[in-house]
Amino acid sequence: MKVEQVDFVNVPTRDYERSIAFYRDVLGLAQNPRVPTEFEAGNVTLALFDPTEADLEFQTNGCGDIALRVDNVQAARAELEAKGVEFVGTRDSGVCHMAFFADPDGNALILHRRYAP
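Take 1 as the starting number for the sequence shown in our numbering and just add one per residue.
A hint or two may mislead.
Unchecked claim - SDA-like mimics (lysine to any residue), calculated; alpha carbons at most 25 Å apart, straight line:
id, residue 1, residue 2
1, K83, H112
2, K83, R24
3, K83, L56
If you're looking for bench data, these hints aren't it; they were derived computationally from the structure.
Computed from a prediction, not measured in an experiment: that's the story for all the values here.
The task is simple: from the sequences and hints, build the whole structure.
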């Protein structure tokens, strides 16, 4: 088997409208005009999904952080903080800069920029 790429990642939500507003208006991701619960992030689609619709218990993505590559982590963080997003920490791994935050449902997200090969 050869995996070509990741097509989409399910992002659990309890409130579609709140999450749509966050991913579209706060993060500025392009919303799929045919499927309003899907957002394009480069070559991966983030698909909002209410687990209770499939008789599953709601759980956040836990430690399965979604890393969003940006040009400048500090500038992107300042932009999101101005929109009310709260960050829980930063890290410089020696390879990349990261800033950690969550969506309104508590799903872990990272602003990320690799600076070393």
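Quiz item: So which of those numbered hints doesn't the model satisfy?
Solution: The structure conflicts with hint 3 only, although it agrees with all the remaining ones.
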